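J.: Top to bottom, those sequences are chains A and B. Read left to right, the first sequence gives residues 197 to 532 (this note's numbering). Read left to right, the second sequence gives residues 74 to 348 (this note's numbering).
Treat the hints with caution; some may be incorrect.
Claimed, not checked - With the Cβ distance kept under 8 Å, some of the chain A side facing chain B (calculated, not the full set):
id : residue
1  : Ile273
2  : Arg283
3  : Ala336
4  : Tyr347
5  : Glu348
6  : Gly362
7  : Ala363
8  : Pro370
9  : Ala508
10 : Ala513
Claimed, not checked - Below, a list of computed lysine-lysine pairs in the DSS-like style, where the Cα atoms sit at most 25 Å apart:
id : chain 1 : residue 1 : chain 2 : residue 2
11 : B       : Lys136    : A       : Lys482
12 : B       : Lys136    : A       : Lys450
13 : B       : Lys82     : A       : Lys366
14 : B       : Lys136    : A       : Lys496
15 : B       : Lys136    : A       : Lys493
16 : A       : Lys269    : A       : Lys366
17 : A       : Lys450    : A       : Lys410
In short, the hints are calculated from the structure, not lab data. Quantities reported herein were computed from a predicted structural model and do not represent experimental measurements. Note that the Cβ used here is the ideal one computed from N, Cα and C, for glycine as well.
Listed below, chain by chain, are the residues.
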Amino acid sequence: MSKERLSGLSRRSFLKVATGVAAAGAGITIPGGARAAGDKRLATLIDLSLCDGCPDREVPACVSVCKEINRDKIPRIAEPIPVPWPRKKVEDWSKKREVFDRLTPYNFIYVHRAEVEEGGRKKTVFVPRRCMHCDHPACATICPFSANHKYENGAVVIDQELCFGGAKCKAVCPWEIPQRQSGVGIYLHILPNLAGNGVMYKCDLCQERLTAGKLPGCIEACPRQAMLIGPRKQIYALAEERAKAMQGYIYGKKENGGTATLYVSPVSFAALNGTMKRQPGRPDMKAEERRMAETDKMGKAVLQAPLYGIAAGVAGAFLSLSRRKDRRKGGATDHE
Amino acid sequence: MSERILAEKNLVVRHSLIEIIEHWAIALSGLVLLVTGLFELPLANRYYITSLPGLGWSGDFIKSLYIHYAASVVFITAAVFHLLYHGIRGERGMLPKRGDIRASILVIKSFFGKGEEPPFEKYLPEQRLAYAGMAFIIAMLILSGLVKTYKNLYAPDMPLTLVLWATWIHNIFFVLFILALIAHIGALVLKPNRPMFRGIFTGTVSLAYARHRHPLWLAELESGCEGGRKEGSPAAYGAAEAGDTGAATTTHEDAQETFAAGDVIRDGTKEKNGA
Chain A
197 MSKERLSGLS
207 RRSFLKVATG
217 VAAAGAGITI
227 PGGARAAGDK
237 RLATLIDLSL
247 CDGCPDREVP
257 ACVSVCKEIN
267 RDKIPRIAEP
277 IPVPWPRKKV
287 EDWSKKREVF
297 DRLTPYNFIY
307 VHRAEVEEGG
317 RKKTVFVPRR
327 CMHCDHPACA
337 TICPFSANHK
347 YENGAVVIDQ
357 ELCFGGAKCK
367 AVCPWEIPQR
377 QSGVGIYLHI
387 LPNLAGNGVM
397 YKCDLCQERL
407 TAGKLPGCIE
417 ACPRQAMLIG
427 PRKQIYALAE
437 ERAKAMQGYI
447 YGKKENGGTA
457 TLYVSPVSFA
467 ALNGTMKRQP
477 GRPDMKAEER
487 RMAETDKMGK
497 AVLQAPLYGI
507 AAGVAGAFLS
517 LSRRKDRRKG
527 GATDHE
Chain B
74 MSERILAEKN
84 LVVRHSLIEI
94 IEHWAIALSG
104 LVLLVTGLFE
114 LPLANRYYIT
124 SLPGLGWSGD
134 FIKSLYIHYA
144 ASVVFITAAV
154 FHLLYHGIRG
164 ERGMLPKRGD
174 IRASILVIKS
184 FFGKGEEPPF
194 EKYLPEQRLA
204 YAGMAFIIAM
214 LILSGLVKTY
224 KNLYAPDMPL
234 TLVLWATWIH
244 NIFFVLFILA
254 LIAHIGALVL
264 KPNRPMFRGI
274 FTGTVSLAYA
284 RHRHPLWLAE
294 LESGCEGGRK
304 EGSPAAYGAA
314 EAGDTGAATT
324 THEDAQETFA
334 AGDVIRDGTK
344 EKNGA
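With the hints as constraints, model all of the structure from the sequences given.
T.: Quick look at the structure:
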């Protein structure tokens with residue numbers, strides 16, 4: 197991403213942040229100069245006190261615009277779709293493209309309706325769900341082909357030209373966000389029945405639009421400005437302020453080791469999670485730990501291993517050389 | 074230096090304890106890396122490997138990664154130790170020499186009954202070439218693996234170009250590593266190589282075998298040179314070239330009169346039985 201474009205983006209997204217603040221009526225303004233120069237990392241904020249699920253529309257605005265933007269993203273599906281071996285699981289959403297109430301390869305965002313009761317009051321909360329764009333996304337870091345990558349701006353993006361659809365990213369995602377479409381992708385040209393099974397799809401934070409200096413579709417389309425994007429530090433600060441103002445809660449700050457998506461809610465996420473039944477394409481909102489953290493210590497030992505080798509090699513060699521020298525001095529036969 | 078002739082036992086010490094430990098540290102951790110590396114591909118669940126007894130963990134990418142990391146600690150430490158320990162000691166007998174490619178072709182031909190093997194030093198010319206190949210593969214795996222590990226720990230957003238290079242080097246050299254490993258073990262299928270097999274476990278090979286096949290090495294040991302090993306020194310390179318040009322063929326032929334390949338193997342068996 198060019199610097200020019202990035203600064204353009206920052207300006208626009210900042211404006212969006214500021215407008216969002218005004219719309220929230222929280223009376224917070226961030227002076228333009230406060231934007232951290234050179235901070236390319238972005239974050240998004242989803243304010244659940246603002247999202248109303250678009251009651252006047254059949255499909256929420258964020259969902260329909262996302263569908264529209266990505267309508268032609270998936271190429272034509274092979275017919276018939278090769279049946280993988282030995283597990284014969286084919287996942288084909290190409291004939292159910294219209295589904296909008298869960299994540300599918302054709303639907304990267306959906307809105308969950310939560311009926312909660314907190315403090316004796318009933319409340320309806322709408323929760324837009326999509327990829328969280330984690331700070332340490334296992335889906336990207338351990339993709340065997342690096343088909344999934346976290347960019348400097350924080351967006352985690354799957355390259356559909358490189359993805360084999362093995363669904364490893366889905367397996368390591370605490371929310372199982374990526375969704376598979378079989379019958380498409382590079383695997384068709386290699387061993388379609390034996391390796392791979394399609395391409396994984398998910399929200400890419402509208403990386404192309406970001407690069408072009410535009411806002412992600414869902415954020416631009418939200419009539420309530422419930423979603424914002426901006427420099428990470430500011431979005432984080434804003435989330436804190438809003439949560440404080442509404443005596444509410446934040447989700448996404450610590451979950452899975454931190455993410456670039458912060459939900460702010462007047463209702464606790466434990467309560468919201470209680471309304472969510474984890475199902476395929478419908479993530480819940482548990483306080484997820486980052487499982488990869490279990491490997492961090494050993495990973496550090498790997499990075500130190502060359503030093504262990506250097507220390508042992510140098511010490512061993514000089515020890516043996518000095519012993520050889522000693523033996524020569526002592527006139528011993530050199531047989532050890 | 075441990076290389077020496079044990080005349081009373083009819084054995085020659087070929088590898089020191091340190092070398093045996095290095096070899097097996099790299100071999101065993103390499104094997105674990107190979108398997109857990111495979112399990113980083115989404116195949117364990119698909120191919121029901123997870124249903125095999127004791128392999129339930131194979132479908133858990135994070136557990137596999139942990140084991141992969143643990144094995145890399147051993148692998149990298151051993152590989153770096155190997156380079157420095159032998160590098161500082163000036164042991165370069167395994168490095169390829171001029172003429173090794175040509176000599177290797179002759180040797181491979183001789184395996185199939187075409188022509189005679191030239192007399193060898195401690196290592197066969199194709200062993201030296203294989204060593205260089207394997208060392209290069211291992212070096213690339215380690216370097217790309219370190220970049221990938223660094224990315225996992227500290228920089229998930231490192232430039233995509235670097236990530237792609239590291240990933241694909243790791244993947245391609247992983248395939249080459251498997252092929253090289255198959256070739257390495259496959260070399261033992263060839264009868265003339267089998268007497269060397271015991272060397273990597275016990276450190277010794279039979280004197281008869283060494284005399285028959287590695288006369289240049291034995292000559293060095295018998296000349297009583299310091300440390301019993303001069304490979305890599307200018308003199309040793311000279312000897313190698315002499316061998317390559319056939320100057321030492323007489324020794325080889327003489328040896329052949331007394332030791333046919335079959336005898337050598339029988340000798341080896343006898344020794345094993347005796348032990």
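J.: Determine for every hint whether it applies to the structure shown.
T.: Right, here's what the structure says about each hint:
1. Using the Cβ-Cβ criterion of 8 Å, the hint placing Ile273 (chain A) at the interface with chain B is not satisfied: the shortest such distance is roughly 21 Å.
2. A least Cβ separation of about 5 Å between Arg283 (chain A) and chain B falls short of the 8 Å threshold, and the interface hint therefore holds.
3. Taking 8 Å as the C-beta cut-off, the interface hint given for Ala336 (chain A) holds, the closest approach to chain B being about 6 Å.
4. A distance limit of 8 Å between C-beta atoms decides the matter here; for Tyr347 (chain A) the minimum to chain B is near 6 Å, and the interface restraint holds.
5. Given hint, Glu348 (chain A) at the interface with chain B, holds; its Cβ is 5 Å from that chain's nearest Cβ, closer than 8 Å.
6. Nearest Cβ of chain B to the Cβ of Gly362 (chain A): about 3 Å, under the 8 Å cut. The hint holds.
7. Evaluation of the Ala363 (chain A) hint against chain B yields a held restraint, the C-beta minimum of about 6 Å falling below 8 Å.
8. Checking Pro370 (chain A) against chain B by beta carbon gives a least distance of about 11 Å; that is not within 8 Å, so the hint is violated.
9. Because the beta carbon of Ala508 (chain A) sits about 5 Å from the nearest beta carbon in chain B, less than 8 Å, this interface hint is met.
10. For Ala513 (chain A), the interface hint holds, since its Cβ comes within 8 Å of a Cβ in chain B; the closest pair sits about 4 Å apart.
11. Annotation: proposed proximity of Lys136 (chain B) to Lys482 (chain A) holds, straight-line Cα distance about 22 Å (limit 25 Å).
12. The straight-line distance between the Cα atoms of Lys136 (chain B) and Lys450 (chain A) is roughly 22 Å, inside the 25 Å bound, and the hint therefore holds.
13. With a C-alpha separation of about 61 Å, the suggested pairing of Lys82 (chain B) with Lys366 (chain A) is violated against the 25 Å cut-off.
14. Among the hinted pairs, Lys136 (chain B) with Lys496 (chain A) is consistent with the structure: their alpha-carbon atoms are about 16 Å apart, no more than 25 Å.
15. For the proposed pair Lys136 (chain B) and Lys493 (chain A), the alpha carbon gap of about 13 Å is at most 25 Å, so the pair holds.
16. Of the supplied pair hints, the one linking Lys269 (chain A) and Lys366 (chain A) holds, its CA atoms being roughly 20 Å apart against a limit of 25 Å.
17. Between the alpha carbons of Lys450 (chain A) and Lys410 (chain A) the distance comes to roughly 28 Å, so the proposed pair goes past 25 Å and is violated.
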